[in-house]
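Novice: These are the residues of each chain, in order.
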Amino acid sequence: MKNKILPFSVIIIFGIIFFIFYKGLEDSKIYIPDVNTKKEIPVFNTKEFFSRENVKSSSIFELDKFYILNIWSSWCVPCRQEHPFLMNLNLENKLNIIGMNYKDNLKNAENFLKELGNPYKEIFIDLDGTIAIEWGAYGVPESFLIYNNEIIKKYIGPLNQELIDEINLFIK
Amino acid sequence: MKFLKFFLIVIILFPSSSINADENDKRNKITKNLRCLICQGQSVYDSDSEFANSLKIVVDKKLQEGLSEDQIYEYFKTKYGEWILYDPGLNKNTYILWLLPILIFLIGGAIIYKSFIVKK
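Heads up: the sequence lines are chains A and B, in that order.
Residues in the first sequence are numbered from 1 upward in steps of one, following this note's numbering.
Residues in the second sequence are numbered from 1001 upward in steps of one, following this note's numbering.
These are calculated hints, taken from the structure and not from any lab test.
Possibly wrong hints are sitting among the right ones.
[Claimed, not checked] Pair ranges (Cβ atoms, derived):
(1) B:Tyr1095 x A:Asn3: 30 to 36 Å
(2) A:Gln81 x B:Asp1022: 43 to 49 Å
(3) B:Asn1053 x A:Val43: 55 to 61 Å
(4) A:Leu106 x B:Gln1040: 30 to 36 Å
(5) B:Leu1097 x A:Ile171: 20 to 26 Å
Here the structure is a predicted model, which means the values were calculated and not measured.
Glycine residues also receive a C-beta, built at the ideal position from the N, C-alpha and C atoms.
Produce the complete structure using the sequences and hints provided.
Specialist: Right, here's the structure in full:
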């Protein structure tokens, strides 16, 4: 009897460990951000893009209006792809598009807007990337749909027609 | 005389360097425990990506504001979720991770107790 307990418990322990590691294999090891939770927008101070004057975040976002905050950069290739969609969205005039210029050379950024048009109602600068972290962003491009100072939805990567349609459903 | 010299050198060198080292150590410790979300298998400390560099700046800022290590982790957790921490807290997803070593230790102890001590 005594001789049987030891091998038996060893087998069970290894069985448990195998099961846990096997389960662990199924978990995704890539960061999947939470895109649907409602979060308050962060408070921050920054500079306006064209005038280089200081602005507070509270003066940018008003209550009872829909906003898209779009994080962009002139060095970011997917931003070029999504730019026409932002231009179209701006023409529809149902919501305000706010730009956040992320870690960019401001001259290049101005040329980018001259070349492709400016869909943004306001642009502010994030030179060192710290404001993007306040927003919980981790790359460019990224867009946030905002209503009543709350983030309703987060779009990671470039916007496309499908996502624009989804945004239009939200703001109807 | 020698003793006095030594004493002076210690007084001059020690306080300033130790404070700087403390700050640096703390920053390194924190950034080593933060996962660089856009890199694979790298901590923020190891990475030189745009994201990681910005995160290092934020950690410095928060330390200057006087936040403790745990408060900084809590801040990043609210922004990015538990995944950004290498050292996860105890919750329903991680309790096996935390309790298994203790369990194995207890079972092992029981086996040793049974087979060696009781035999005597």
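Novice: With reference to the structure, classify each hint as holding or not holding.
Specialist: Hints, one by one, checked against the model:
no., hint, verdict
1, B:Tyr1095 x A:Asn3: 30 to 36 Å, "holds (33 Å)"
2, A:Gln81 x B:Asp1022: 43 to 49 Å, "holds (47 Å)"
3, B:Asn1053 x A:Val43: 55 to 61 Å, "violated (23 Å)"
4, A:Leu106 x B:Gln1040: 30 to 36 Å, "holds (32 Å)"
5, B:Leu1097 x A:Ile171: 20 to 26 Å, "violated (43 Å)"
In this structure, the hints that do not hold are numbers 3 and 5, in rising order.
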